[in-house]
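Student: These protein sequence lines are chains A and B, in that order. Under my numbering, the first residue of the first sequence is numbered 1, with each subsequent residue one higher. Under my numbering, the first residue of the second sequence is numbered 134, with each subsequent residue one higher.
Calculated from the structure, these hints are not laboratory results. Warning: the hint list may mix true and false statements.
Claimed, not checked - Per label pair, the in silico range of CB-to-CB distance:
id: 1; chain 1: B; residue 1: 299; chain 2: A; residue 2: 108; range: 39 to 49 angstroms
id: 2; chain 1: B; residue 1: 327; chain 2: A; residue 2: 16; range: 18 to 28 angstroms
id: 3; chain 1: A; residue 1: 108; chain 2: B; residue 2: 178; range: 55 to 65 angstroms
id: 4; chain 1: A; residue 1: 108; chain 2: B; residue 2: 290; range: 26 to 36 angstroms
id: 5; chain 1: A; residue 1: 15; chain 2: B; residue 2: 164; range: 30 to 40 angstroms
Using N, Cα and C, we set each Cβ at its ideal position, and we do this for glycine too.
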Amino acid sequence: MIDVTLLQSEVTVGETLSGRMTWTASSQKQPKEIKISMGWRTEGRGEVDRQTVEEIRLGEDRFSANGAVYSDFNFPIPRSGPVSYDGSLIRIIWEVRIVVDMPGFFSRDDKETYGFRVLPQPILSDRSRSDGY
Amino acid sequence: MKFEVSKNIKVQTLSSSPPQKTPEGFLLIDQDDAWSWGKFGFGLFFLLIWLGVSLPILIVALREIANATGPADWVGLLIPLLFTGLGLVGLLWFLRGLLMVYRIAPGELILSQWPLRMGETYQVRYRRQLRGGKRTTQAGQVAAKLVGYEWVRYRQGTDTRTDTSTFCEQSLPSGEVFAGSSKASLDFQFQIPLQGPPSFEASDNQIRWEIQVTLTLPKLVKDTSKFRLWVDPEVIQ
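Build the full structure now, drawing on both the sequences and the hints.
Tutor: Below is the structure:
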């Protein structure tokens, strides 16, 4: 079973998203690898665009005998964004995605996603920016 | 940390030409107004092939009607007439574009700052020069507007289609071009709305901001220049 706790539900570009992932085994099998990634994807009329911005891979050395795994993560959000958006044709969705890669050809990987919002950065009016003319 | 890019996503900057930094400010030029060997060369080649095929067929059809001893087959004339008509319309459109490039230089927009931010106000100068020392004989008009819209591309069967949805359209100050002028120019200011959204550019999904300027010079040109802006994910407070 996968559980993720995000310290923020909203984060500004340039800031860091922090959280903790916990995985507990529901069977005797140990996973080969757990991948924690953060990125964005689009939804709507257009073909899907997506980008993985940050990723952590947890190998077998991280798995304890009782089958529980936890990992803290701190993912910086790029200053260039994009920001979360909900429009007529396009939605931009940020999410943390957990994939637990189980061994065996017929085994199904565990997957969960957790959404959060990315906001633009507030800036104080900068009067020192010079006019071109 | 591993960085992974899916589906050939472009880096999130302007795919069209970024502005040139000049002593006047940040200069944007509407390349669609400019001469392009590719655009005009392809257009002329296509039209010559089109008319080269449809015109002889039309001439043959007309001769058959002229030489017919019985009732004339007017139906057989319709299709070559339609295709030749389309070709001639295309030729007129091509010549109009060529004439415009000959008469007037591409539109230019000079911005006080770049990139832009939400909630900030910018000073802008638009100008468009007549070529060859020409001057306007009648008064004309320049009208500008700020447009924000979503652009998407998708596949429907074997077809690739695009769609747009405008979320912001603001009329900006307009100006007059006096008779006897050698160029059109307009100074104005505009503000990117506080609520944005900021610009976004991926392969099949984009959020675009543009300044669109329509120049009307009677008996000379009526044309709209479009200048793509880039709005960062920053909001002025």
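Student: Failing hints, ascending?
Tutor: none
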